[in-house]
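*Asks:* Protein chains in written order, with this note's numbering: chain D, 4 to 166; chain A, -12 to 229.
Mixed in with the good hints there might be a few duds.
Distance ranges between label pairs, derived from CB positions [what the hints assert, rightly or not]:
| id | chain 1 | residue 1 | chain 2 | residue 2 | range |
| --- | --- | --- | --- | --- | --- |
| 1 | A | I142 | D | V25 | 45 to 55 Å |
| 2 | A | G178 | D | N72 | 22 to 32 Å |
| 3 | D | Q9 | A | N(-10) | 12 to 22 Å |
| 4 | A | A12 | D | G73 | 16 to 26 Å |
Below, in silico cross-link-like pairs of lysine to any residue (SDA-like), each with a Cα-Cα straight-line distance of 25 Å or less [said to hold, decoys possible]:
| id | chain 1 | residue 1 | chain 2 | residue 2 |
| --- | --- | --- | --- | --- |
| 5 | D | K91 | D | L21 |
| 6 | D | K128 | A | T184 |
| 7 | D | K64 | D | G101 |
| 8 | D | K140 | A | P71 |
| 9 | D | K7 | A | L(-8) |
| 10 | D | K7 | A | P71 |
| 11 | D | K91 | A | L(-8) |
| 12 | D | K7 | A | L121 |
| 13 | D | K7 | A | Q169 |
| 14 | A | K158 | A | R216 |
| 15 | D | K7 | A | G178 |
| 16 | A | K100 | D | K140 |
| 17 | D | K84 | D | R33 |
| 18 | D | K139 | A | T184 |
| 19 | A | K158 | D | I36 |
| 20 | A | K176 | D | K117 |
| 21 | A | K100 | A | F159 |
| 22 | A | K100 | D | D96 |
| 23 | A | K158 | D | K84 |
| 24 | D | K128 | A | R39 |
| 25 | D | K84 | A | W163 |
| 26 | D | K84 | A | Q169 |
| 27 | D | K117 | A | K158 |
| 28 | A | K158 | D | S16 |
| 29 | D | K91 | A | W107 |
| 30 | D | K117 | D | G103 |
| 31 | A | K158 | A | P71 |
| 32 | D | K128 | A | A201 |
| 33 | D | K128 | A | I145 |
| 34 | D | K64 | D | S16 |
| 35 | A | K158 | A | G125 |
| 36 | D | K87 | D | G70 |
| 37 | A | K158 | D | G70 |
None of these hints come from the bench; they were simulated from the model. Just so you know, these numbers come straight off a predicted model, no measurement behind them. C-beta: ideal position from N, C-alpha, C; glycine also.
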Amino acid sequence: MTRKQQRLILILSAMAFLSLAVGLILYALRDTIVFFYTPTEMAEKNVQPGTRLRLGGLVEKGSFRQGENGIIHFAVTDTNKSVKVTYKGVLPDLFREGQGVVAEGVLQPDGTFKADTVLAKHDEKYMPREVADSLKKQGLWKHAKDYGEYGADGAKAGKELTQ
Amino acid sequence: MFNYLANPTRFLRLQKAVQPWLIAATVLVLGYGLYLGLFVAPPDYQQGETVRIMFIHVPASILAMGIYVFMAIAHAVGFIFRHPLADAAAKAAAPVGAVFTFISLATGSLWGKPMWGTWWVWDARLTSMFVLFLLYLGYIAVWQAVEEPHRASRIAGIVALVGVINVPIIKFSVEWWNTLHQPSSLLRKGGPAIDPTILTPLLWCIAGFALLAAVLVLHALRAEVLARRVRQMELAQVGRAG
C-alpha cells in the first residue's frame, strides 16, 4: 500500500466513524431536536397538563372563532388528531385556516392548549397570484395540506376578524 | 488540470488570464439575475413582495454550504496528495463562505419576521446554519492564531473535515425533524415547487452568486500564493543574514 492510499483510508475511516457518532447523538436527541409536536405525537407521548411545549399542524377549517375579551379559538390538526387552542394576541399575517402554524404554550387540564405565541409556518411552494387563482378555478386546489384555502384574501379577512 | 495547477506559478498565470472574463460573466449573469428577481418576477400569492428576499437568501445559503464542502475536499486533497495549493484554496475560500453564511442568516431573519412572526427560533435548520457560521469563524481563527503555517493548515483541515458533517445535517434538517423552516423548494421529490416565473430568476441568481464566489475565491487564492512567496523570501533572507 502506498503512502497516498494509507492517508486516503485514514481520512475515510475517520470521517465514517465521526459521522456514525454524530448520527447516533442526533438519533438519541431526536425528541429534543424537533421544534414542535403534532397533535398525534402529543397524544402518543401522553403529554401531561401543565407541560410547556410547541404544537404544530394545520389550522383546522371552520375552527377559527373570535371569543370574548379578544380570545381567539382555533384547532390545530394533523388530519389525524386535532387539539383546540386558545390564544390572546396578534396573529401573524400568514395565519389562516388550512395554513400551517406552530403554537407555543401550555396544555390545560381540560385538554385544550393555551398558547402565548403563534407563529405561521410557510410551505415550500412559491407561485404568482394568477397561477394560484387558475389552479383554484381548475379545481386543482383541493389539498388543504398543500395550500392555504383562502390565499392572500383569506389573510386580509383573517386580519379583519382579529381586529 | 489537477496536476497542472500544482505549480503555483502556472496557477498565477492562469488566474490572471481567466479573471477578467470571470468578472465580466459575473457582472452580466448576476446583474441579469438580480434584475429579473427584484423587478421582473411576480409577487408570490401569499408572501407578496417579500418573496424577493429569496433571490438573495437561497443562493447565499447554497454557497455557504457549498464553499464549506469545497474547503473540506481541498483539505482532504491536500492531506492525501500533498497538493501544494489545496490548503491555500481552502484558506482563501473561508471568509467568502462566512460572509455568505451571514447573508443567509440575516436575510432569513428579515423574511422570518413578517412571514413567521419571529426574527429567530432555535429550530434544527436555523441552529445548524448558525453552527456553520461558528465553524467558519473557528476555521478562520485557527489560521490567524497558529503561527507556523504547516501546523495551522493541519488544525484548520481537521476543523474543515469534522465540520463538514454539519452540511448534510443542515440540508436534511427540514426532513428529519419538525422545523419552523419550510422544506426544500428546489431539490425535492417531484421537482422544484416554485412556479417557472419565480424559478428562472432564482436560477440566474444562483449562477450569478456562484460566479461572484469564484471570482472572490480565486482572487484571495492569488493573494495567498503571493503572501506565501513573500514569507519564503523573508525566511531565505533571515537565513542568509544569520
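*Asks:* Run every hint past the structure and note whether it holds.
*Replies:* Cross-check of the supplied hints:
{"no.": "1", "hint": "A:I142 - D:V25: 45 to 55 Å", "in the structure": "violated, 20 Å"}
{"no.": "2", "hint": "A:G178 - D:N72: 22 to 32 Å", "in the structure": "violated, 48 Å"}
{"no.": "3", "hint": "D:Q9 - A:N(-10): 12 to 22 Å", "in the structure": "holds, 20 Å"}
{"no.": "4", "hint": "A:A12 - D:G73: 16 to 26 Å", "in the structure": "violated, 56 Å"}
{"no.": "5", "hint": "D:K91 - D:L21", "in the structure": "violated, 47 Å"}
{"no.": "6", "hint": "D:K128 - A:T184", "in the structure": "holds, 13 Å"}
{"no.": "7", "hint": "D:K64 - D:G101", "in the structure": "holds, 6 Å"}
{"no.": "8", "hint": "D:K140 - A:P71", "in the structure": "violated, 62 Å"}
{"no.": "9", "hint": "D:K7 - A:L(-8)", "in the structure": "holds, 19 Å"}
{"no.": "10", "hint": "D:K7 - A:P71", "in the structure": "holds, 15 Å"}
{"no.": "11", "hint": "D:K91 - A:L(-8)", "in the structure": "violated, 64 Å"}
{"no.": "12", "hint": "D:K7 - A:L121", "in the structure": "violated, 32 Å"}
{"no.": "13", "hint": "D:K7 - A:Q169", "in the structure": "violated, 43 Å"}
{"no.": "14", "hint": "A:K158 - A:R216", "in the structure": "violated, 39 Å"}
{"no.": "15", "hint": "D:K7 - A:G178", "in the structure": "violated, 40 Å"}
{"no.": "16", "hint": "A:K100 - D:K140", "in the structure": "violated, 32 Å"}
{"no.": "17", "hint": "D:K84 - D:R33", "in the structure": "holds, 22 Å"}
{"no.": "18", "hint": "D:K139 - A:T184", "in the structure": "holds, 18 Å"}
{"no.": "19", "hint": "A:K158 - D:I36", "in the structure": "holds, 15 Å"}
{"no.": "20", "hint": "A:K176 - D:K117", "in the structure": "violated, 36 Å"}
{"no.": "21", "hint": "A:K100 - A:F159", "in the structure": "holds, 23 Å"}
{"no.": "22", "hint": "A:K100 - D:D96", "in the structure": "holds, 10 Å"}
{"no.": "23", "hint": "A:K158 - D:K84", "in the structure": "violated, 29 Å"}
{"no.": "24", "hint": "D:K128 - A:R39", "in the structure": "holds, 14 Å"}
{"no.": "25", "hint": "D:K84 - A:W163", "in the structure": "holds, 21 Å"}
{"no.": "26", "hint": "D:K84 - A:Q169", "in the structure": "holds, 22 Å"}
{"no.": "27", "hint": "D:K117 - A:K158", "in the structure": "violated, 33 Å"}
{"no.": "28", "hint": "A:K158 - D:S16", "in the structure": "holds, 23 Å"}
{"no.": "29", "hint": "D:K91 - A:W107", "in the structure": "holds, 21 Å"}
{"no.": "30", "hint": "D:K117 - D:G103", "in the structure": "holds, 17 Å"}
{"no.": "31", "hint": "A:K158 - A:P71", "in the structure": "violated, 31 Å"}
{"no.": "32", "hint": "D:K128 - A:A201", "in the structure": "violated, 30 Å"}
{"no.": "33", "hint": "D:K128 - A:I145", "in the structure": "violated, 38 Å"}
{"no.": "34", "hint": "D:K64 - D:S16", "in the structure": "violated, 52 Å"}
{"no.": "35", "hint": "A:K158 - A:G125", "in the structure": "holds, 21 Å"}
{"no.": "36", "hint": "D:K87 - D:G70", "in the structure": "holds, 13 Å"}
{"no.": "37", "hint": "A:K158 - D:G70", "in the structure": "violated, 41 Å"}
Of the numbered hints listed earlier, those contradicted by the structure are 1, 2, 4, 5, 8, 11, 12, 13, 14, 15, 16, 20, 23, 27, 31, 32, 33, 34 and 37.
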